[in-house]
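Colleague: The lines below spell out each chain.
2 protein chains.
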Amino acid sequence: MTDVIMVGTVALDSVKTPFGEVEETLGGSAVYASVAASTFARVGLVGVVGRDFPERHIAFLREKGVDLDGLEIADGDSFRWKGYYEYDMNQAHTLDTRLNVLSQFNPKLPKAYRDARYVFLANTDPEIQMNVYDQINNPKLVMLDTMNFWIENKKDALSRVIEKVDVMLTNDAEARQFFGTPNLIKAGRAFLEMGPKAVIIKKGEHGAILFTGDQCFVAPAYPLENLVDPTGAGDSFAGGFIGWLAKTDDVSPRNMRKAVVFGSIVASYNAEDFSLNKLKTITHEDIFNRYMMFQDIASF
Amino acid sequence: MTDVIMVGTVALDSVKTPFGEVEETLGGSAVYASVAASTFARVGLVGVVGRDFPERHIAFLREKGVDLDGLEIADGDSFRWKGYYEYDMNQAHTLDTRLNVLSQFNPKLPKAYRDARYVFLANTDPEIQMNVYDQINNPKLVMLDTMNFWIENKKDALSRVIEKVDVMLTNDAEARQFFGTPNLIKAGRAFLEMGPKAVIIKKGEHGAILFTGDQCFVAPAYPLENLVDPTGAGDSFAGGFIGWLAKTDDVSPRNMRKAVVFGSIVASYNAEDFSLNKLKTITHEDIFNRYMMFQDIASF
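For the protein sequence lines, the chains are Y and U, in the order given.
Using numbering that gives the first Met the number 0, the first residue of the first sequence is number 0, and each one after it goes up by one.
Using numbering that gives the first Met the number 0, the first residue of the second sequence is number 0, and each one after it goes up by one.
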């Protein structure tokens, strides 16, 4: 029995930042979200890899307690992403994307996953997201992520999924783009009017804003001096957020604020090293310490 | 006797934003800072205008209780700035700058001002800022602002003033530029190492970060749906900040956090209308109400 299922990519990433370079390292939205949430809850991962996928990555995910019944192993090569970050690490530059087995992927949830109470639909084609949504029996909370490509090319299909889900997760540029407004507060409120009970706008180094009803929570980002690789920041945020909700089984606006902070904490640790290297080692105590720090940096 | 003196520009601004347009309206760094601070403290303004400066602006400043013994009236025309903001109102575009009487200005503080305990040196040539600094007898707190032009062209002179002052105020782009790093946390700490007891990095719609010793306060911006004209946001922030410190006569890191919030509140009201129109009408109750809102949006 899993508390949360994460539907998204499992990738082999090659990443270069001003602080170093890694080749064919473990990555992907479902992986970052699953490992981030595994600190708080029992996680099931839904994704696909090819026959070339290294056994050690599978072993690592199992070691983190991630259930892999939803991980399909297909004929062909695994999804690969290659990119780099410059001086200003807010922007990822893609050098190469090889969809490989991902191009044919249309997730079928294992029977046990259909009763999952918490579900994260990471960025992918909104028609696939809807297809997964329809396979879930009676979720307590479904969270959706997307990206500019789908806003540009499949806005109607995307809108239909947004209308169904409980939490809409987006970054600042996407929120502005979706509603054609520079004002993030207007954009956040406009998403709420489409149906979701909560909207989170991620702002990278500037934190995040959570909209619930007519309330707003403006969360700081952790003041990180040692930013090494931002890859997976958004997905580890998502994993920490939904993991905390699943652990406490409380989706009240007040508890969502705490969940945003836990998401930010996991994301901040993640950015301190390449791939999931830092998430491999953090303990409950590390998370608790940074939670205290968050209370301090936000108090006046 | 004044609590705070504000040294900067007094301007006639012509501004266009997506929400309207004003011509030759009251503006300038010393004006925004003075009016913002006047809610909290007795303010003296140091600046220069020409003989063409409208009497009604003088009357307005007096009505707000701003002492004008430091306002020089010189032969010639007043300083004028003309600019506009596009869709994304984070960036001001200058159409025309006429220094006029400002080009000859080298402030001489009235005798009574030399004993001021709180001083704000708004953006200008760092050599002039140093000249003013040297005229102050025994200040409790001096705060400095600057801009990219001086970082590019007079970095040494600017550095000498930074080493003297108590609070360094800068925006995110300037902080990055000064130290050649994209990381604001590194830049904030590097400013502290130059001498100031506190550093504030303003991030526009993303709030501000206050650095004191090894502590950091990450302040949200007020979630403003009704942004009309950002002109003067930084200077009204500065005025609210130093005004609160002067009112309470407490420069502890804890009270500086509150001062950042009061600065943000005044700046948020200011941006809701052109020129100082909104600041003309806000009451202590308005400020108190928004303070409560700030506590709510930051709590988890």
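Honestly, the hints are just simulated from the structure, not real lab data.
Predicted model, so just to flag it, every value in this text is computed and none were measured.
Be a bit skeptical, because a hint or two may be false.
Pairs count within a copy or across copies, as identical chains cannot be separated in the list.
What the hints assert, rightly or not - Heads up, simulated DSBU-like pairs for lysine-lysine below, C-alpha to C-alpha not over 35 angstroms straight-line:
id: 1; residue 1: 15; residue 2: 110
id: 2; residue 1: 110; residue 2: 185
id: 3; residue 1: 15; residue 2: 163
id: 4; residue 1: 63; residue 2: 185
id: 5; residue 1: 153; residue 2: 139
id: 6; residue 1: 15; residue 2: 139
id: 7; residue 1: 185; residue 2: 279
id: 8; residue 1: 257; residue 2: 185
Colleague: Given identical chains, is residue 15 near residue 139, meaning Cα to Cα at most 35 angstroms, within a copy, between copies, both, or neither?
Modeller: neither (39 angstroms within a copy, 48 angstroms between copies)
Colleague: Could you figure out if residue 257 and residue 185 sit no more than 35 angstroms apart (CA to CA) within one copy, between two copies, both or neither?
Modeller: Both. Shortest intra-copy (23 angstroms) and inter-copy (27 angstroms) distances satisfy the 35 angstroms Cα cut-off.
Colleague: With identical chains treated as interchangeable, where does the CA-CA distance between residue 185 and residue 279 reach 35 angstroms or less: within a copy, between copies, both, or neither?
Modeller: between (38 angstroms within a copy, 26 angstroms between copies)
Colleague: If the cut is 35 angstroms between Cα atoms, do residue 110 and residue 185 qualify within a copy, between copies, both or neither?
Modeller: neither (40 angstroms within a copy, 50 angstroms between copies)
Colleague: Treating 35 angstroms as the Cα threshold, decide for residue 15 and residue 163: within, between, both or neither.
Modeller: neither (37 angstroms within a copy, 41 angstroms between copies)
Colleague: With identical chains, the pair residue 63 and residue 185 could be close in the same copy or across copies; at 35 angstroms between alpha carbons, which is it: within, between, both, or neither?
Modeller: Between copies only: 33 angstroms across, 39 angstroms inside.
Colleague: Are the CA atoms of residue 153 and residue 139 at most 35 angstroms apart within a copy, between copies, both, or neither?
Modeller: within (27 angstroms within a copy, 60 angstroms between copies)
Colleague: Taking 35 angstroms as the upper bound on the Cα-Cα distance, should residue 15 and residue 110 be classified as within, between, both, or neither?
Modeller: Result: close neither inside a copy nor across copies, 39 angstroms intra and 60 angstroms inter.
The structure shown violates the earlier hints numbered 1, 2, 3 and 6.
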